[in-house]
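With the hints as constraints, model all of the structure from the sequences given.
For the sequence shown, this note's numbering gives the first residue as 995, with consecutive numbering after it.
Please keep in mind that the hints were generated in silico from the structure rather than gathered at the bench.
Glycine residues also receive a C-beta, built at the ideal position from the N, C-alpha and C atoms.
Errors might be hidden in some of the hints.
[Stated by the list, open to error] No more than 27 Å apart at the CA atoms, straight line, and that leaves these computed lysine-lysine pairs for DSSO-like: (1) 1159 / 1201; (2) 1025 / 1050; (3) 1182 / 1201; (4) 1050 / 1033; (5) 1182 / 1158; (6) 1010 / 1025; (7) 1159 / 1182.
[Said to hold, decoys possible] Now the in silico label distances, taken between C-beta atoms and shown as ranges: (8) 1077 / 1057: 30 to 38 Å; (9) 1045 / 1011: 31 to 39 Å; (10) 1222 / 1045: 32 to 40 Å; (11) 1039 / 1197: 22 to 30 Å; (12) 1169 / 1129: 26 to 34 Å; (13) 1058 / 1086: 50 to 58 Å; (14) 1148 / 1083: 31 to 39 Å; (15) 1048 / 1211: 45 to 53 Å; (16) 1044 / 1007: 37 to 45 Å.
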Amino acid sequence: MKDVIFGYNAVSEALKAGHPINRIYFSVSSKRPYIAELKALALDNQVRFDFVDIAKLNVLAHTGEHQDVVAVTSPVDYTELETFLDANQDVNPLTVIALDQVQHAGNVGIIVRTAVCSGASAIILSARGGSLINDQVFRASAGAIFHIPMIKSTSLTHDLALLKKHDFWIYGLEADGANDVFTERWAKRSVVVIGNEHEGARPVTRKVVDVHVSIPMSNSFDSLNAAVAAGIALELCFFRSATITARRPSYAEQFMACWSAQVPVRHSAQVKRLAPVTAARTPVESSPGHL
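This is the structure we're talking about:
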């Protein structure tokens, strides 16, 4: 699925047509006059570009006749955040996943697949410092990239601030987050921020976060894999959404309903194995007020 285009005309026309491009590579030693024109077009289209040795261009293009420019294209069309928000003005619940420089393509693909399965509404990817959609992400997602809007962000803090204006609450999944993901009362409109595999979310991103959540660990081991942690948060966000009403009662709830009606309980053996049911905790000050 990894496609590249090269040469002045091909890259220029792709940029003018708005074709989805992940990154453009220029030869660091190029003296060609059209490089400045292509740079300007890339900036206008918010496409990242880098200057590299000509040897890398030869490898990417599988030829030396690339005219000092190679573009790596995306297998999917990226969605503009504003377009997504306009199309979902009156939709609730909404869950958006924001990846803050998650670099491993396998992690990104697994997160995409889990997001689709858990009913998430969109995924935001960092245009710089993180993995965008490529052939490795495609394979790891098992094709899920075609079933959810993918948003490429050139400024994650700006986009998170815009989401806040549209009634989203920003949850940062962090190893040292103050709130427990299992007891957090997720907002109807939630953004779950997943940080880099090694450094976590950047400090500038953490400042935008409304609620810092963590997954409790049974021992002192460092933390979970980014994709695994994202999967836990996504499922909790899905099942604890205040607007999900079509839910099969648990055995504990069936037991209480039958007991109060003095009706024999079915599957009583399964009921006995359940942990005691506790009341939902009262939201802390940082929790959403519109639940």
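Comparing the hints with the structure gives:
1. 1159 / 1201: holds (16 Å)
2. 1025 / 1050: With Cα atoms ~17 Å apart, residue 1025 and residue 1050 stay inside 27 Å; holds.
3. 1182 / 1201: Holds, because 22 Å separates the two Cα atoms, which is no more than 27 Å.
4. 1050 / 1033: With a Cα-Cα distance of about 19 Å, the restraint between residue 1050 and residue 1033 holds, given a limit of 27 Å.
5. 1182 / 1158: Since the Cα atoms of residue 1182 and residue 1158 sit roughly 13 Å apart, the hinted pair holds (cutoff 27 Å).
6. 1010 / 1025: holds (23 Å)
7. 1159 / 1182: holds (14 Å)
8. 1077 / 1057: 30 to 38 Å: With Cβ atoms ~37 Å apart, the hint holds.
9. 1045 / 1011: 31 to 39 Å: Given a distance of about 24 Å, which is not inside 31 to 39 Å, the answer is violated.
10. 1222 / 1045: 32 to 40 Å: For residue 1045 against residue 1222, whose Cβ atoms are near 37 Å apart, the range 32 to 40 Å holds.
11. 1039 / 1197: 22 to 30 Å: holds (29 Å)
12. 1169 / 1129: 26 to 34 Å: Given range 26 to 34 Å: holds, Cβ gap about 31 Å.
13. 1058 / 1086: 50 to 58 Å: Holds, at about 54 Å.
14. 1148 / 1083: 31 to 39 Å: violated (24 Å)
15. 1048 / 1211: 45 to 53 Å: The hinted range 45 to 53 Å holds for residue 1048 and residue 1211, with Cβ atoms some 48 Å apart.
16. 1044 / 1007: 37 to 45 Å: violated (21 Å)
When held up to the earlier numbered hints, the structure conflicts with 9, 14, 16 and fits the remainder.
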